[in-house]
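Student: Sequence:
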Amino acid sequence: MVQLFAAIGILCLAFTASAQSTRSSSVVSATTRSSSAVASATPSGINLEITTKSGTRNKTAPYLHGLFFEDINHSGDGGIYAELIRNRAFQGSDVAFGRPSNMRGARIVWSENEQVPWGPTLTAWKPIGGAVLSLDVLNPLSDALRTVLRVDIPTDATGEIGFLNEGWWGMDVQPHPYAASFYIKPNDALYTDKVTKIYASIRSNSTGEVFAQETLEVDGPLSTSNYTQFKTTLTPSKAAPNSNNTFAITFDGAEVAGNTFFFDLVSLFPPTYKDRPNGLRKDLAENLAALKPKFLRFPGGNNLEGLSIDTRWQWKKNIGPLIDRPGRPADWSYYNTDGLGYLEFLEWCEDMSMEPLLTVYAGYSLDVADVQPANTVPKDELQFYIDEAIEQLEYAMGGVDTKWGALRAEHGHPEPFNIKYVEIGNEDWFSDSYYWRFPMFLDSLKAVYPDIIYIASQATESSPSNINTTIPSGNMWDLHHYETPQFFKDNFNFFDNWQEITGYEGVQIFVGEYSVLGRDRAGGIDWANGEGRFRYPTTVAAIGEAIFALAMERNPSVATLSSYAPLFQNFNSYQWTPNFIGFTANPNDTVLSTSYYQQQMFSLHKGSETLPVKNTAGDFNPVWWHASIDASQTGTLASGKIFVKLVNAAKTASPVTLTFDAKISSGNGTILGHDDEYAFNYLNNATAISPRTFKLTSSQIKNKKVTYTLPGLSIVVLELK
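In numbering that gives the first Met the number 0, the protein residues as written are 0 to 720.
Source of the hints: derived by calculation from the structure; they are not laboratory data. Check each hint, because a few of them may be wrong.
Said to hold, decoys possible - No more than 27 Å apart at the CA atoms, straight line, and that leaves these computed lysine-lysine pairs for DSS-like:
hint, residue 1, residue 2
1, Lys-640, Lys-703
2, Lys-419, Lys-316
3, Lys-315, Lys-237
4, Lys-237, Lys-291
5, Lys-650, Lys-52
6, Lys-650, Lys-58
Can you make the complete structure from the sequences, with help from the hints?
Tutor: Here it is in structure tokens:
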């Protein structure tokens, strides 16, 4: 595996935690209670009295558990975007950032294209049978796709000849249909009109075994002035033994000897999630759907902003036919094809019954040199970008009688989407201009779409304080925390009375990015990925995240949305650790992390109303808890399930006694934990730490009382009737 750390991205997220940690510590000092902790103590008996009377309940946050997607770690191209062909349209390549000791800022220190950073390459393409491959810019496929593959055939060619693509570090091959397509044009001066057949195949890269092949009949001479698109379906008769496979396009050498052909937008799609054309990789999407997420924040993240204003994520350039999508040099060291575009994100939300949480570009971009603040649109030019955001919303929400709604219908989705949440910008505490950009966006967007909840990406993190952002009541603030387990223990009371303490009356919090990055250590996180930084989410990471999640659940009027970050990691090329789900081209290599299972447990066991809990013995630290009831149908206890969430951060077990004001008839539970606090799931041992279910016995349930011994280093959800 190759580990690439983009200096820009690492520094961005490092500054994120630094700014937010300062903010949170000031809030915590004002709300310190007996629940605050400095370390995990030895467990003592915990006695909790839980009230189930309907008059004492509060509504839970219905959309608390969701997803945040940013194309980092090859999580889009080469990840959840199901396209199997790597570098399919020669749009651009990889780079690496570095900071030379004798220079002020970072710069590109390596590029896959040695002459032009981000420039096209022949990565993943290989010749077959003596064909000569090169790149060509004189015969573009479209205005968007300017670089094509030139294939020169020797005059003495015989037998099979052509080229192959190795995929995103391989291709999974199963006995199901694959949709293949490509564009081809002969060189006019060399074309001999003898081509009658083109062959498309899926084959082993190690043995050459052909798993599927189709013959494409060429009906008459190919056009030499325009590209011709060919499509076919390949269905292997069996699964390949591994993912070291390729897709090949070949000819009979005798037919094409002396010819030159141009190819572009070569594509191969397996069956996708919900059978969407140009859709999501099925197995990865199914893992996300199993969380029952309530929203999707997209498209980023730093990847929204771009490394310059011109290379920002531009929705108008990633809608419609793939032939019209130029792609872009993105923020995480590799090129984005933008095949996973705006409409695909909206359909992703639709297919998983999630609320779209759209992040709009707000006039601020990052910089390769990492000189902050950087790339802010001048105030007198900002209206263009505001209008762009308004048009973006119309594309999603407008009727077919509107300009952009009609274009959406033309792209295959006449029914409008409903967007409840819009975030204005991303991590704008890096800039010194958000205090005037945010109100300009907010006022204009609200004038057109008054019912949307708008989310500020910066609040009081800035210094000096006169550039802090004012967030009006009814809107939200996006909080980011990449921390140690101890930080989340210490900040269990972060959300308690937050609105009153900060003066943000009526403002709610979206915890848009959070995770445990490494073990507890003096000085906090080592942002250089050194001492204590986790490669994968560990037991103690899931415990820290669970404690912070409980802090959110017990404050549903303040913390209303949350999402782990980052979401995916391609084990072959990544810029960040730890991550939620790891994968390769082979679905059998997918690793669901301890953090994934913790999030799943909490998402699937969330009541509709919170229940008051009084501790009559024991206190928070090392055990934390929360209780809720699912009374969403009738509102009565008889029809509701009670969920009691317990987290033990100590290594020793703790006896827990739950006393209710109503009889408990039965119960079961789900537990996640491990004896080793630094244990983790990894490739070839993906279920080392995974949830186990159990049933409470009659001796543990006595009328209104439930007793349970909570194991050390564990996260438990009890489900009681």
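Student: Decide, hint by hint, whether the structure agrees.
Tutor: We went through each hint and held it up to the structure:
1. Lys-640 - Lys-703: holds (15 Å)
2. Lys-419 - Lys-316: With Cα atoms ~24 Å apart, Lys-419 and Lys-316 stay inside 27 Å; holds.
3. Lys-315 - Lys-237: violated (41 Å)
4. Lys-237 - Lys-291: violated (33 Å)
5. Lys-650 - Lys-52: violated (35 Å)
6. Lys-650 - Lys-58: Not satisfied, since the Cα-Cα distance of roughly 34 Å exceeds 27 Å.
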